[in-house]
Structures are given as structure tokens and as C-alpha cells.
Amino acid sequence: MNALPLTPTQSKLLCDTIARIIEAGDDTIRADTPRSSLPEWDSIKHMEIILELENVFGVRFTSSEWIHSHEIADLATAIHSHLSNG
Amino acid sequence: MEQNAKVTILSHVNLEPVAKFSRNDAFELIWDGFNTLLSQLISEKPRFKDNHSDIVWIHLDPNYPGLLERLPWEWSDESSITSDWAQIIASIENAVRSFPGTAFLISNVYISPYTPAPLISGRNRHRIEYALNEPLHKICSDNPNTAMLDVAGLFARVGANQWSDSRLWYIGGIPYSRPALEELRKLLLSHLEAFTRRPSKVLALDLDNTLWGGIVDAVDTSPVELGPSGVGLAYRTFQDILLSLSRMGILLTVISKNDEDSALDLINNHSQMRIRAKHLAGIKINWHPKSQSLKTLSEELGIPLSAFVVLDDDPRERAEIAMNCPEVPTPELPEDPVDRPDWLLRTFIPTYFAIPRVSEEDAARTASYQRIRMRSAQQVQAPDESAFLKSLQIRIEVLPPENKDWARLSQLSFRTNQFNLNGKHWDPPAMMALQDSAEWSFLNLRYSDRFGDEGIVGMAAFSFDDISDSIFIHAFCVSCRVLEKRVEHAFLHRILLMNKDLLPQRVCFHYADTGRNGRLRAFLSSVDIPMDGPIPFGAFHTLLSRLERMLP
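Quick note, the sequences are listed as chains A and B, same order. Residues are numbered in the working numbering as their position in the first sequence, beginning at 1, plus a constant of 67. Residues are numbered in the working numbering as their position in the second sequence, beginning at 1, plus a constant of 6.
These aren't lab readings, by the way, just hints derived from the structure by calculation. Possibly wrong hints are sitting among the right ones.
In silico DSSO-like links for lysine-lysine, alpha-carbon gap of 27 Å or less [stated by the list, open to error]:
#1 B/430 / B/396
#2 B/26 / A/112
#3 B/192 / A/112
#4 B/12 / B/290
#5 B/396 / B/410
#6 B/290 / B/301
#7 B/301 / B/12
#8 A/112 / B/12
Remember, predicted model here, so these are calculated numbers, not experimental data.
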């Protein structure tokens, strides 16, 4: 599962957060799950996901990351970047 | 209003998250999309009619582009308000008047304190806010199918720093932060629920350590905590807030275990008391169980226990009431008296006393219930019922409602329990739509006597079916304040007289047993309407002549 630039715990937290927001079942979202397979993940849910990830990881996405983070891997990259830069 | 009411959101900013976040079984929120506000308001066939919305929420925010040509900080003072705003106001008025069958919830507006230049600071900002809001308030006061959503108050509570999230605005056209959106959603739902809920209307208050700090008795004359500073100020503020509820039509009463003379002396003579005896619709100061005092008050006022809420600091008293009057809520007060004023405003009042509109009758309700007590005293003195009724010098008027009366008629359908034909809740838009269809007629009943004017105390809705030659009574409610004076007989008599020229054969009542409308059922039985069929009915002329004989 962990093809993401995050630790396994962080990756699970990321996937679980997305699943919780879009109300998908437990363990239904993996690092490689394409967004296109999740019709519940609309623009409003995307906003909610990013705001919740900011809370969970203690980071703040830039507007560019907001706009260009389409997939789970994009979100992971943005989170990793913020965590690495302290 | 039925459950699963549909609510269309019209705004020039993106409020789709409010619709998406709201999973409330009672309401279906429909986001109409970007920049559809004006076109929908002036349309003859707006989407909110196509989708059968019960309520339209109109949300304007002049701090963001898309509404007015210039942003408020570009104005020098209120005279700069452009014709844009007048056009928007006219559009809202047009929609409100064109669709009387739809309820409109209209946000008031605020002006952000963050401006690039100090042109709008302090005084000017408030003047501009006033100038923008005044026409919105006027629409709401002139049209019974409207109510205001206090977004300006919400902005003040959330605070300018927490109100917005620039990324949401620039990326998604959503001007508000996630916490602000959540607060906006809560505010909206509380108002929507106020449209549909049967609100509490009597507040029963304890005295010691609730209205003042300390205990009053005949022996210990220590001063109580009640004054202009410290904890005494918290108690006084608590009373001030309750008094403002009284001005909105909530009846204040006292149920307390005290020495009656000492407690009344303090209520009437303590310089810092805000709630005096004249503000109280009922007073029970004795050593009986409080549940018993509540039941006595309920009988005297003619208001069911389910409409009461108790404020009492003592958990044992609350438990006794909960045990013996389980339908009466007994919320737990914050332990520290200084926390109680805020608790009233933030939690207690929105939970039990959310009021979408305040009518003239609301404001005068306490005085009205005090007149009930005066009439009761008169009744005791009178030798018989006929002499009593004659001494009251009753005057009643039965008239079609004017525009300003619909909210009061709706309120009567919500609040009248004992003398209510079927308990159906009518909202102003639904009544106005039926009246406009010319198939139904609505009437209001006004009552006055030598003790005072009670205003509108009854409502009725009826239609004539020319196939069966029958008058169908769809709604018939009379406030318990005026029952037992043959007023209900006179009201029904007038309704029949108005229809006499149509040569009706029967009068049919859309009666339903609500579990609380026993007095209405007893009334129909008393005029010989058989109550065994699905739609009770009686012969027109028999009923008319029987009522004539029973008039006061």
C-alpha cells in the first residue's frame, strides 16, 4: 500500500481521513485508489478533505497545492513537503 | 409545514457547502448555483417554484464582488449606496409578493472592518450597515411570508479574523471559512426548525439562587445577591434577559418554595429586581411539590404542561418535576451564576424559545394573561353565567385577515392546543396561497371586553362544496384565553351566517383527535355534532339555530 512518500502510519491516516470524509467504508481507500473511482469525492468533499488533512497533519496547503492535488499521491506529496520543511 | 421541507439557497457567493454539510431529515437544502440570485428573483417561473421549495433563503454579502458594482469600502458614506442595492431590494420585494405561498428567509448584511483605506471606519461603517439593512427589515416587517436571518450577528460572534478563508474564496468562490460555514449552517437550521416547531411558551422560574443569590425567608433577613456589580450583576442580567423573552410573548411565571410574603416583598420592593409581579402571568409561592404548582398553573392559564420549561438551580427539585411532569423540560443551569446569562443567550433560548417572528399579540401576552385572572375574579363575584357575560361587555369582530394578520393566524394554529379542530400547523404562505386560489376563505376573530383588547384570538378556514352543498371547516382554533365566554359559539355562528346565502345543507368539520383538543371535541358535542364518523357533520339550519340560542 505504501507507495506514498509518507510513513505507513501517515499513509494510513491520510487514506482513513479521506474515507471518513467521503463516507467510504473502512479500508476501502488505498494509496493507489484513483479518484475517478470515488464519485463521492466531488469539489466540496475535496475542500473538506484538504481542510481536515490540514487539521490532522498540522500543515497548510498552498492555493497551488489545493488546485493541483487531484489524487491521493498528490495530497501525500504536498503533506510530505510541508512536514519535511518543518 | 410538512417534514422534509425543501429549501432553495439563492446567493451570489458559493454556499454549496452549506447545502452539502446539512444532513437533516427535516429539510432538503437545494443550492441553486452561482450568480442566479437576481435572475431567479425577477423570474416569473423561478426554479424554486419548479422544485416546489417551501422556503427560499436569500443570502446577500456586499463585501464580495458579484452583488454591487462597487464594494462597500469604495463608498464614502451611506449616500454612496448605489442604485444596485435599490434594484436588489426591488427584486426581493417582487419575489416575496409574487409568491406568497413560499416562505423567504433573508440574511441581513454586515460590513467587514478590513478595508484598504480608513474611509469606512467606525461611524461610517455602521451607518452604511444600517442603510443597507433597513430596507431588508422593512420587507420582513411588511410581508408575513418572510423572516430575517441574523448573519450580521453571526459575523460579530464568529469574529472577522475567523470569518473567512482566502483560499476558499479565490479557489472556490466560497467567502467563509470552514468554522464560519458550520456556524452559518447551524444558524440556518435553527431558523428553519423554528418555522416548523411548536415552541415552548411558558417559563416557570424558581426564586432562591435562580433569580437572586441566597435564600429569602421570614426569619433570616440577610441581603440577597442582586445588584449593579459582581455576582449580583450576573443575577440581574439573568433577569434582564428573561424579561426580554417576556416582551417577545413568552409567559414568565414563578414556582417557588418560599415564605410567600417575604418573597413577594422582595419581588416588588427590591431596588435591583427587574422581574416584578406585573411581569408574571402566574405566581405559585408555597411549600407544595413544584410539580403540583406546575399543574395548577397549567390549569389556571389553560396551557398544557408540554408548553412549559422550568429554570431551577436545585437538582432535587428538577428531579421531582421530571418524575411527576415528564413532559416539562428541566434543563440544568450552569453551576456558577456568572455563567448563566451567556448560557441563556447561547444555549437555552435557541433550544426552547426560537421565535421566527414576534407579533403584536406576543408583546402583550403577559398583560393578557393577567386580565384572565381579573376576569376570573369577576366571574366569582357574578351571580350567574349570564350576568357574568353581560358584565364583561364583550365585543367580537370576525373579519378576513389583512396582510399583517397572517403571521398571527399561523401562530394560533401552532400554539392553540385545547381548542384546535385538528392540530394542523398552517404557515402564512400556505394560507395566502389557498386564499388567493379563491376556493378557501380564512377569518380571524378579534376579542375585546371591558378589561382590555385581546387582539386576534381565533382563526378559521372553510370552503363551500357546491356538489354536496356543504360547508367544510378546515381549521377552527380559539385561544384558551377567551374560551368559556361563548365566544367560540359566536365565532362559528358568524361563519355560518356568512355562508347562508349559498343555501348549504350541511356543515362538515375536518376534526382530528390530537390528544389535546378535548375542549374542541366537547364543544362540537355540546352543539349536537355527532363525533362518531370520520368527518363529523351537522345539518346547517339546525346548527345555526342552536348556536343562536347559545350566544352570549
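Hint check results:
{"no.": "1", "hint": "B/430 / B/396", "result": "violated, 34 Å"}
{"no.": "2", "hint": "B/26 / A/112", "result": "holds, 9 Å"}
{"no.": "3", "hint": "B/192 / A/112", "result": "holds, 19 Å"}
{"no.": "4", "hint": "B/12 / B/290", "result": "violated, 44 Å"}
{"no.": "5", "hint": "B/396 / B/410", "result": "violated, 32 Å"}
{"no.": "6", "hint": "B/290 / B/301", "result": "holds, 11 Å"}
{"no.": "7", "hint": "B/301 / B/12", "result": "violated, 39 Å"}
{"no.": "8", "hint": "A/112 / B/12", "result": "holds, 22 Å"}
The structure fails to meet hints 1, 4, 5 and 7 from the earlier list, while all remaining hints are met.
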